[in-house]
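Q: Residues per chain, in single letters:
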Amino acid sequence: MRLLDRDFDVSVAAVAGAEHSEPTLRSVEHFLFHEARLLDERRFDEWLALWVDDGRYWVPRFPGQTDPFEQISLFWEDKVLREARVRRLEHARAWSQQPPTRSSRMLGNIGIEGLDAAGHLVVRSVFHLTEWRHAQRHLAGTVFHKLATTEVGGWKIVLKRVDLVNCDDMFGNLEVFI
Amino acid sequence: MTVSSRTLAGLVRADSVHRSVYTDPAIFELEMQRIYGQAWIYVGHESQVPTTGDYHTTRLGDQDVVMVRAADGRVHVLYNRCPHKGAQVVADGDGCTGKFFRCPYHAWTFKLDGSHLAAPLKDGLAGTCYDPVRPDFSMRRLARVDSYRGFVFASQAADGPDLVTFLGGVASSIDNLCDRSPQGEVEVAGGVFRVLQPANWKIFYENLHDTMHARVTHESSVVAAREQSRQLGELPFELLIMTGNGEPYEFWEKLELRAYRNGHGYMEGIFDPAAATRDPVSRAHFEVLAGVHGEDRARAILGMNRHNTIIYGSGSPHTVFQQFRVIRPLSVDRTLVEIQVFRLVGAPPAVFERALIYANLINSPSSIVMPDDVEVYRRCQQGNRARGGDWVSQHRYLGKDKALDDGMVSINGTSELPMRNQFAAWRAYMLCGEHPREYDEEATHAAA
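From first to last, the protein sequence lines stand for chains A and B.
Note that the working numbering has the first sequence beginning at 1, numbered continuously upward.
Note that the working numbering has the second sequence beginning at 179, numbered continuously upward.
So here's chain B without its partners, still in its complex pose:
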């Protein structure tokens, strides 16, 4: 079943969205084509495929893909499908395929860029259109693949903005994550968590910059961490990161929210960078960076204090604690989150330990913080199936956000600017440019 453009256009208002965007499987199918089939989507990091033949499988929208390192050092992204019978060529997961891919079914082989290498008993194909150079006999590459400082993205559309243009202002978050390494280089390390959320993927994106939920949803973990700290007589890092959500409303109101084209944005950091310089781990990190860049530059790098960044369609890098929560929609009400942890190459080992603890305690399936998030996502998913009203509110500070040259900024950290910005992008993708609305026109409209 398809959904008309007119219907789609009516689902997003300046101040609210229709509940069906979270619950309608037909809309989900269209999202897979019009968002995940068009946009640049994060595949993985180059460090996940360090040597020739190394591969990493994942899912871009509804497509199984494999990222692979070729002999010339280039990274390719292919659909995980043999052109003969359609079998998946490699098993899910990470591995090394050697100098070429070999399908386990009939031994068709492919070079690491996907092009056809050989098929057994070629005489049997004589007189047919079989030709190794015909794309029909190769593993298909995604239309466009590009890398930004080691972060590999792919687009299934042949046309569209290049990766840097697409990222716009949030490229600065990837820069800052890398710049925190004295060598300007990061690598995925320590493994990747995979967490299932029983909710639509857009709910998680909205929550990433939802400052009004923190002290309400997370009361249980905030109280637990505070009580534990009181008993202990100190606030170690592992409890500090659980208490952050408990800040009063005034704190959240002062934070800055940035919104860029294509649904991207970032939220200013929760944890005080000045406090961080007082702890020995941050001090050691600062000294290593200052040794390379000088103190001013080191201060600028570590002082760029961002909490969640959003790359819409890909997920949420966290620069300060070196994580990337990659968001993979599975169905209209199921979302997989891959949590990558990064080692800052050349930084003191304790910096990686801190990232590891943050991943274990905040982002792992066993986190004592996240289950309350996931529970409210689940309740939104369930609640929006009820006939209790059709619209989801995004009214907070509507029309008050300020336009900048490259996007918008909130005048109050509790603004629902990020949600409005995400749905402006969503609407533009879903209408396929049929009714193109410029970003600031949307904002002006919102102010009316």
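Pulled out of the complex, with its shape left as it was, chain A reads as follows:
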């Protein structure tokens, strides 16, 4: 089953050091701030374009969850599911998006952890997210991005893992990407 392809490396532990140059850190920060802005502004098509084709978006259900293959996840999405979610969010008859979910993200503590086995840059950050739809909700946690370099010198997302502080809590619907 492709969605649960166990060959996908979900680990976010760095296995090698990465170059800690100021320009690299700045470009990573710029990339993460840009990603947050695209989500805040619901520019979903541009957000989808930030990913490599076989990238995975993961929000574990449990603290320290090791994989999405044996346990449920709040989100475990490949390209197909990310695109399907966006199609629904933008459909005129998505009743639960009347009014739409609005959100504001604050990122911080951005740091480069190192490289994973395939040489992707592992980046850790923390976030606070305020979401509104009928009522205001506050989400917070830690994010791990695994980033691949592109030919034109930018970054693409291979894995985005969001560890919510309340991941094992009761939730109302989570409709938009965190």
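Hints are not guaranteed to be accurate.
[Unchecked claim] In the SDA-like style, the derived pairs of lysine to any residue whose C-alpha atoms are separated by at most 20 Å in a straight line are:
| # | chain 1 | residue 1 | chain 2 | residue 2 |
| --- | --- | --- | --- | --- |
| 1 | B | K289 | B | G276 |
| 2 | A | K79 | B | R408 |
| 3 | A | K79 | A | I112 |
| 4 | A | K79 | B | L410 |
| 5 | A | K79 | B | T421 |
| 6 | A | K79 | B | I419 |
| 7 | A | K79 | B | P310 |
| 8 | A | K79 | B | E412 |
| 9 | A | K79 | B | A296 |
| 10 | A | K156 | A | S21 |
| 11 | B | K578 | B | F429 |
| 12 | A | K156 | A | S11 |
| 13 | A | K79 | A | S21 |
| 14 | A | K79 | B | E531 |
| 15 | A | K79 | B | K289 |
| 16 | A | K79 | B | Y536 |
| 17 | A | K79 | B | L413 |
| 18 | B | K277 | B | A296 |
| 19 | A | K79 | B | V401 |
| 20 | B | K300 | B | H284 |
| 21 | A | K79 | B | K277 |
| 22 | B | K277 | B | P310 |
Keep in mind the hints are simulated off the structure, nothing from the lab.
Please build the complex by placing chain B on the supplied structure of chain A, with the hints as guidance.
A: Showing chain B alone in chain A's frame:
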């Protein structure tokens, strides 16, 4: 504030219910006593407490309870309350308490069946009525606890029908869920989602067999999945399960709805079992089952094609994809749904992966299908507060449903038989037998 029997009796008509059943906190309080304080309610599955001292907490109606495995293998269900100061003995969640419970406040201890074990400095209790064998000094057990194929239910009433009688025809859904395992055994696996619905609990039960809403409410996810499939050039499982709601009205009209006593029932399956045998996961599953039972029996087990089953007061097992959406009312306008996923012991791993994907995509808080359901539940909850009319319609195919020996069956899959059946049970519970109405009398009345 209490609500008189006469008022309660007037809230349910053959073809409609009064909006206050969804919005009145006083009625909710009565439901906690007369439905959740009487009926058999699902607590959890035995596999959630595999070894001695393992416990699982949950909520039965308005009561915090703990299910625990004792040393002799028996499963007990206790109120989560220390008889000394009333403190909750265990924290919410799952854990292992060892050989006994120990209250964190003053170290009173209890055996795993709840009975009193010890209290420190017993001399200070001398000359009082303190006596370890008196129930007043033990954690109280729920009046009745029973298990059906590993599914543990409890009733807070000492009297009433036994569990098997209570379940009636829907026991066959639990059987089928278990029979899908070559060993006849399932276990809760992969974790449990907890989803909050800002609506009265009865609205969700009604929607479980509401075939008329599927293509209307779910248009956005159906269109999204279809467009995605078109772009992909195929229909993988994860998109297939999102497109099911998009079937035309003729499809839903042909489905069969079954209704049993006590508000239970089931709905015939949406996904074609013949198509399922063509996919490699189902084929592998069939072969393992056939190896144990022979092909005919394996075909019968996997061919029993049911979508949502309803065990009224407990929730909705889904046999084909091995889930149980356990429905826990929190208040008149808030409902918690616990989504359990089951592993069929001995079945190919890919069968569990399919259950996991179904849970993630259909039943999780992040589902792209369910938010539109939850939105319409919320709108019903809000709309029924308005003075725009007092009655909620259940007219569809009224009087046309057919009586069977053990219940009723729809002649058309869009019948509102399930809602009428749920409220017939609701009415009987709420009137506490003061004006007992037999099930088929209700149906006959409905036909008039």
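Q: Each hint: holds or not?
A: Structure-based check of all given hints:
Annotation: proposed proximity of K289 (chain B) to G276 (chain B) holds, straight-line Cα distance about 10 Å (limit 20 Å). Between K79 (chain A) and R408 (chain B), the direct Cα distance comes to roughly 14 Å. Compliance with the 20 Å bound is thereby established for this hinted pair. Between K79 (chain A) and I112 (chain A) the CA atoms are separated by roughly 25 Å; this puts the pair beyond 20 Å, and the hint is violated. Taking the CA atoms of K79 (chain A) and L410 (chain B), the gap is near 11 Å; set against the 20 Å cutoff, the hint holds.
Between K79 (chain A) and T421 (chain B), the direct Cα distance comes to roughly 18 Å. Compliance with the 20 Å bound is thereby established for this hinted pair. At most 20 Å may separate the alpha-carbon atoms for a hinted pair to count; K79 (chain A) and I419 (chain B) meet this at roughly 17 Å. Between K79 (chain A) and P310 (chain B) the CA atoms are separated by roughly 62 Å; this puts the pair beyond 20 Å, and the hint is violated. This hinted pair checks out: K79 (chain A) and E412 (chain B) have alpha carbons roughly 14 Å apart, not beyond 20 Å.
Taking the CA atoms of K79 (chain A) and A296 (chain B), the gap is near 59 Å; set against the 20 Å cutoff, the hint is violated. Taken as a hint, the K156 (chain A) and S21 (chain A) pair is honoured in the structure, with Cα atoms around 19 Å apart against an allowance of 20 Å. Restraint check: the Cα-Cα separation between K578 (chain B) and F429 (chain B) comes to about 19 Å, which is no more than 20 Å; the hinted pair holds. Taking the CA atoms of K156 (chain A) and S11 (chain A), the gap is about 17 Å. The hint holds against a cut of 20 Å.
The suggested pairing of K79 (chain A) with S21 (chain A) is violated, with an alpha-carbon distance near 31 Å, which exceeds 20 Å. With a C-alpha separation of about 19 Å, the suggested pairing of K79 (chain A) with E531 (chain B) holds against the 20 Å cut-off. For the suggested pair K79 (chain A) and K289 (chain B), the alpha carbons sit about 52 Å apart, so the restraint of at most 20 Å is broken. Of the supplied pair hints, the one linking K79 (chain A) and Y536 (chain B) holds, its CA atoms being roughly 18 Å apart against a limit of 20 Å.
Between the alpha carbons of K79 (chain A) and L413 (chain B) the distance comes to roughly 14 Å, so the proposed pair stays at or under 20 Å and holds. Among the hinted pairs, K277 (chain B) with A296 (chain B) is consistent with the structure: their alpha-carbon atoms are about 13 Å apart, no more than 20 Å. Between K79 (chain A) and V401 (chain B), the direct Cα distance comes to roughly 17 Å. Compliance with the 20 Å bound is thereby established for this hinted pair. For a cut-off of 20 Å, the pair hint linking K300 (chain B) to H284 (chain B) stands: about 12 Å separates their Cα positions.
Proximity of K79 (chain A) to K277 (chain B) is assessed by CA-CA distance (about 49 Å); at most 20 Å being required, the pair is judged violated. Distance check on the hinted pair: K277 (chain B) and P310 (chain B) sit about 18 Å apart at the alpha-carbon level, within 20 Å; holds.
Hint compliance for this structure: hints 3, 7, 9, 13, 15 and 21 are not met, and every other hint is.
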